[in-house]
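A.B. asks: These are the residues of each chain, in order.
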Amino acid sequence: MILIIVSMVLGVVMIAVSLVALHTRKLQAAILAAGVLSLMTSILFLLLAAPDVALTEAAIGSALTTAIFFYVLNKIKNTHV
Amino acid sequence: MNFFSVQGISLTIGFILILIGLWGILTQRNLIRIIIGFTIFNNGVNLIIVALAYMKGRTAPIIDQVVTRTDAVDKVADPIPQALVLTAIVIGVGVTAVMLSYTLRMYRAKHSLEINVFTESKW
Amino acid sequence: MYKKLFVLLLLVVLGWSFFTLLQTHQERQSLNPLSKHYVEKGPDEVGAPNLVTAIVVTYRGFDTLGEVTILFVSAAIVGLFLKTENHRLKYKIRSTSEILHTAQRLLFPVMILFGIYIFMNGHLTPGGGFQGGAVIATAMILALLTNPESPISHRAFNLLESVSGFSYIIIGVLGVLLAGGFLDNHILPLGKFGNLFSAGAIPLIYSFVGLKVGSELSSIILNLNDVQKDDK
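Chains as they are written, first to last, in our numbering: chain A, -17 to 63; chain B, 49 to 171; chain C, -9 to 222.
Take these hints with a grain of salt, some might be off.
Unchecked claim - Residues from chain C that face chain A, not an exhaustive set, calculated with beta carbons under 8 Å:
id, residue
1, P116
2, G117
3, A133
4, S140
5, I142
6, L194
7, L207
8, L212
9, L214
10, N215
Unchecked claim - Only pairs whose alpha carbons sit at most 20 Å apart, straight line, appear in this in silico EDC-like list of lysine to aspartate or glutamate:
id, chain 1, residue 1, chain 2, residue 2
11, C, K(-6), B, E162
12, B, K123, C, E30
13, C, K26, B, D112
14, B, K104, C, E17
15, A, K8, B, D112
16, C, K31, B, D112
17, B, K123, C, D174
18, B, K104, B, D122
FYI, nobody ran anything at the bench for these hints, they're computed from the structure.
Don't be surprised by glycine CBs; every beta carbon is placed ideally from N, CA and C.
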């Protein structure tokens, strides 16, 4: 029973965060929201009895993708210097 | 289909994330937001595949003292879709890195991130 | 305006077809026959407690070979597009704070050790080559954030990546010559179930995959860091 409640709460938060990621004005907030969505997906993978997949998603989707996005954003903002 | 199980809720969330990601790819004008939409789409697809491997009351596919070799067939979730999703996540990050390096070169050519500026391949 | 309406109509049609798919879906009660074979006969034939590792490395070894190839191609494309000559910095970067320097000196060796632990124990606990490689690349991000002009060379990572990929192929060909087929893990003895040096050649294969993935992702990060210094 408690698994169902936790997964419902996670689901509502994930949909809200993904809508925020596509609608804010600032690009930094959108990239951070995509990282948070990846982290919540990793928690949901753990509730679905898949620890290997949860570890992979947390290490790759949440840490590496956000870092690559921020490197590219920094280069775009500094091109005219 | 029982919508009040963990598998039902995860499948619904996965399909809604696919729809949100597709909407982001088709209507946003900033190039970085299109790539973020692609990332959301990828998350939704992986969630659907892993949710199809879950059965009620079962645990992770690792054999130790609790799940012994003889009764593993009744206690363990399906391991094949999990192996597929492991590959798919790593390929997703490779494709995102290639798309972002394309974005850098496109910005260097025209100094703008809007997609309406790049009209060379329109008919 | 018409474009948004058209997109909304497309999404509504897609959502309705997903809903009909969901309504007729039944949850399974027992494993399907292929999974049953992998779960029953897996520990005897392969010798690894982690069943997902056994599938990824031995039963579906060709898919892992394809994935390693795709990662190699994407790292090569990023290196091709972000190629720069080594300009000097035109503007001064603000030096990073004391907290970051101290934390980096403490955390960097621990993170590399943790990544190596994850891919060496991939057949016993959840983990494996791809996860360990991602942790090593994250350690490299930490080192590059504290010291952006650090003299980590590209050649070391390219050499490590080529040697690891080549060794992976050599082990696969050894499997054809000495045991059942390509990437068979019976070239080394299976050992006792649950030890570190058990399951034949799986620790060796996964270590090479982990080193290759770690050095590839680190070289992507190094290229992205070097392009910040370019002045165009």
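A.B. asks: Determine for every hint whether it applies to the structure shown.
C.D. replies: Now the hints, each set against the structure:
{"no.": "1", "hint": "P116", "verdict": "holds, 4 Å"}
{"no.": "2", "hint": "G117", "verdict": "holds, 6 Å"}
{"no.": "3", "hint": "A133", "verdict": "violated, 12 Å"}
{"no.": "4", "hint": "S140", "verdict": "violated, 15 Å"}
{"no.": "5", "hint": "I142", "verdict": "violated, 15 Å"}
{"no.": "6", "hint": "L194", "verdict": "violated, 20 Å"}
{"no.": "7", "hint": "L207", "verdict": "holds, 6 Å"}
{"no.": "8", "hint": "L212", "verdict": "violated, 11 Å"}
{"no.": "9", "hint": "L214", "verdict": "holds, 4 Å"}
{"no.": "10", "hint": "N215", "verdict": "holds, 7 Å"}
{"no.": "11", "hint": "C:K(-6) to B:E162", "verdict": "holds, 17 Å"}
{"no.": "12", "hint": "B:K123 to C:E30", "verdict": "holds, 12 Å"}
{"no.": "13", "hint": "C:K26 to B:D112", "verdict": "holds, 18 Å"}
{"no.": "14", "hint": "B:K104 to C:E17", "verdict": "holds, 8 Å"}
{"no.": "15", "hint": "A:K8 to B:D112", "verdict": "violated, 48 Å"}
{"no.": "16", "hint": "C:K31 to B:D112", "verdict": "holds, 16 Å"}
{"no.": "17", "hint": "B:K123 to C:D174", "verdict": "violated, 28 Å"}
{"no.": "18", "hint": "B:K104 to B:D122", "verdict": "holds, 11 Å"}
In summary, the numbered hints that this structure violates are 3, 4, 5, 6, 8, 15 and 17.
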